[in-house]
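J.: As you go down the protein sequences, you meet chains A and B in turn. Count the first sequence with our numbering and you get residues 1 to 147, in order. Count the second sequence with our numbering and you get residues 1 to 140, in order.
A portion of the hints provided could be inaccurate.
Said to hold, decoys possible - Here are the computed distance ranges between Cβ atoms for each label pair:
1. A/F69 to B/L54: 14 to 24 Å
2. B/Q129 to A/G31: 16 to 26 Å
3. B/P17 to A/D39: 19 to 29 Å
4. A/G31 to B/V12: 25 to 35 Å
5. A/R28 to B/P41: 14 to 24 Å
6. B/L139 to A/P13: 46 to 56 Å
7. B/S8 to A/E73: 21 to 31 Å
8. A/E73 to B/A15: 35 to 45 Å
9. A/V83 to B/G95: 20 to 30 Å
10. A/F69 to B/A93: 33 to 43 Å
11. A/P13 to B/A11: 24 to 34 Å
12. B/D45 to A/D132: 33 to 43 Å
13. B/L54 to A/R44: 17 to 27 Å
FYI, nobody ran anything at the bench for these hints, they're computed from the structure. Just so we're clear, the structure is a prediction, and the values are computed from it rather than from any experiment. Ideal placement from N, C-alpha and C gives every residue a C-beta, glycine not left out.
Residues per chain, in single letters:
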Amino acid sequence: MSYEAFVGHRFPPFSVDVDSWRLRFFARAVGEQDPLYSDPEAARAAGYPALPAPPTMAYSLLMDAGQPFRVLEVMGIDLKRAVHGEQAFTYHAPVCAGDTLTGVVRIADVYTKKGGALLFIVVDTALRNQHDAPVIDQRSTIVVRQG
Amino acid sequence: MNQLPDFSTLAVGDALPERVKPPIDRLQLALYAGASSDYNPIHLDDDAARAGGLPGVIGHGMLSMAFLGQLLTGWVPQRQLRGFSARFVAMTAPGDVVTCRGTVAARGEVDGEARVELELSAVTQDGRQVLVGSASVALP
Chain A
1 MSYEAFVGHR FPPFSVDVDS WRLRFFARAV GEQDPLYSDP EAARAAGYPA LPAPPTMAYS
61 LLMDAGQPFR VLEVMGIDLK RAVHGEQAFT YHAPVCAGDT LTGVVRIADV YTKKGGALLF
121 IVVDTALRNQ HDAPVIDQRS TIVVRQG
Chain B
1 MNQLPDFSTL AVGDALPERV KPPIDRLQLA LYAGASSDYN PIHLDDDAAR AGGLPGVIGH
61 GMLSMAFLGQ LLTGWVPQRQ LRGFSARFVA MTAPGDVVTC RGTVAARGEV DGEARVELEL
121 SAVTQDGRQV LVGSASVALP
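Work the whole structure out from these sequences, hints included.
T.: Okay, structure coming up:
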């Protein structure tokens, strides 16, 4: 099966709310000690309107929306053969509690390595906030064992 | 709050203060599963992990990347961060102590602002490299 045909495929836009409780839960889970990420007063003192989302949190917002799995589903790939190979973020503006983000997921590239034994799927997601300003671009590379 | 590094003297090859995280344990993996919405059972359930050919549960790659993120935000305010990427090169397991390191790989100007490019890595207590990454930071 030729997966290259999926390059350029765009998924319908999704929307996700950034919740203050959720950000505090994330901070606790990763052992974050800086009160900036769990105390709204500390966040305001640092110039944020509310708790800011830490640098990798936006990937979890994609997970909330079920996005990484949708790519595999559309391509007919078994989740058990897939691993997350790389993750990249480009930051345009802060994401804070109270924001509502909208994203579009696009399959940017598909290629194989090792004579086809490994399939690489590059997925781009551009996130915008409720003011329609770009906030974070994400690129996830999924590696799939084939054969 | 950490004191800001002295950016005027920052040079290629300079190291960021390294960050040693407490050992990853199953409670942390359970909390991270909930907080990140990553419910893949290979991070929580030994039976599921073994069925997938693993010796037992493994840590979330994105948890280690969050640790690397803490290295960055402990060094500069997060709003200085322009880009951050990581490649997942090995797995972690409960008990692993992850140390996050960064060095200045380049200094230059991008989009009209002074930036440093950092090389990042996360390694375990036995020297296993779990993440290789990079970040782009705007100098304040």
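J.: Has the hinted range 19 to 29 Å been met by the Cβ atoms of B/P17 and A/D39?
T.: Because 23 Å falls inside the window, the suggested range holds.
J.: Verify the CB-CB distance for A/F69 and B/A93 against the hinted window 33 to 43 Å.
T.: 24 Å, violated
J.: Honestly, do B/L54 and A/R44 meet the 17 to 27 Å range at C-beta?
T.: 44 Å, violated
J.: Looking only at beta-carbon atoms, does the pair B/L139, A/P13 fall within the given range of 46 to 56 Å?
T.: Since the Cβ atoms of B/L139 and A/P13 sit about 35 Å apart, the hinted range of 46 to 56 Å is violated.
J.: Is the gap between the beta carbons of A/V83 and B/G95 within 20 to 30 Å?
T.: 22 Å, holds
J.: Can you let me know if the beta-carbon spacing of A/F69 and B/L54 is within 14 to 24 Å?
T.: Holds - the Cβ-Cβ distance for A/F69 and B/L54, about 20 Å, lies within 14 to 24 Å.
J.: Falls inside 35 to 45 Å, the C-beta gap from A/E73 to B/A15?
T.: Roughly 43 Å apart at Cβ, these two residues keep to the hinted range, so it holds.
J.: Given a hint of 25 to 35 Å, does the C-beta separation of A/G31 and B/V12 actually sit inside it?
T.: 31 Å, holds
J.: Would you say the C-beta atoms of B/Q129 and A/G31 sit inside 16 to 26 Å of each other?
T.: 21 Å, holds
J.: Okay, B/D45 versus A/D132 on CB: inside 33 to 43 Å?
T.: 41 Å, holds
J.: For the hint 21 to 31 Å, verify it against the beta carbon of B/S8 and that of A/E73.
T.: 51 Å, violated
J.: Mind checking the hinted window 24 to 34 Å against the Cβ distance between A/P13 and B/A11?
T.: Once the Cβ atoms are compared, 45 Å apart, the range 24 to 34 Å for B/A11 and A/P13 is violated.
Hints 6, 7, 10, 11 and 13, counting from the list given before, are not met by this structure.
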